[in-house]
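J.: Sequence:
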Amino acid sequence: MELDVTKSAGGTAVLVKLGGDVVARADAPVRVETTDGSVVTRPYDDVTREGDAVVGRATVTMPDGTVVEIADRWAPTDERAVTVARSFAVRAGGTSAGVRWDLLVSSAAEVPAAEWQLFVPGNLYNRNDTDGDGREDYLGGP
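This note's numbering numbers the first residue of the sequence shown as 1 and each following residue consecutively.
Hints may contain errors.
Calculated pairs, EDC-like style, for lysine to aspartate or glutamate (alpha carbon to alpha carbon, straight line, at most 20 Å) [to be verified]: (1) Lys7 - Asp45; (2) Lys17 - Glu2; (3) Lys17 - Asp78; (4) Lys17 - Glu115; (5) Lys17 - Glu79; (6) Lys7 - Asp64; (7) Lys17 - Asp52.
To be clear, the hints were calculated from the coordinates, so they are not data collected in a lab.
Please build the complete structure, drawing on both the sequences and the hints.
T.: Following this line, the structure appears as structure tokens:
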């Protein structure tokens, strides 16, 4: 896998390539939601290269005054895999009781969704509503 960057509407996107073909893209990968229901989805403010890896950064100010800084480090791990390590900091708390953030990536490959292998650590706790229907999607168990 290799990573590339390109301009997208309002910012910079990350492209994931396999054999020179784009297989996934993150045009607006930063989504922040507060518990009052406000949602902001946007591209990175800037993307820099670190060897084979790229780091995308965004600062998001929510309507309630919450300010979140997000940094995603995208790195190829072998010829068919990429890892994304997200770090974040809440720089200012707003009036909402809580905040969550998502990483949005779309497939550009002609591959059925059932063939994708996804591992999302840290997404299996508390408000785990990954499909946005208002209900928990996964519950941990022994």
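J.: Each hint: holds or not?
T.: Consistency of the hints with the structure:
With a C-alpha separation of about 11 Å, the suggested pair Lys7 and Asp45 falls inside the 20 Å cut-off, and the hint holds. The straight-line distance between the Cα atoms of Lys17 and Glu2 is roughly 5 Å, inside the 20 Å bound, and the hint therefore holds. A C-alpha spacing of about 12 Å is found between Lys17 and Asp78, which places the hinted pair at or below 20 Å, so the restraint holds. A distance of roughly 17 Å separates the Cα atoms of Lys17 and Glu115; the hinted pair therefore holds under the 20 Å criterion.
The straight-line distance between the Cα atoms of Lys17 and Glu79 is roughly 10 Å, inside the 20 Å bound, and the hint therefore holds. For the hint pairing Lys7 with Asp64, the CA-to-CA distance comes to about 29 Å; that exceeds 20 Å, so the pair is violated. With a CA separation close to 12 Å, the supplied pair Lys17 and Asp52 stays within the 20 Å bound.
Violated hint: 6 only; the structure is consistent with all others.
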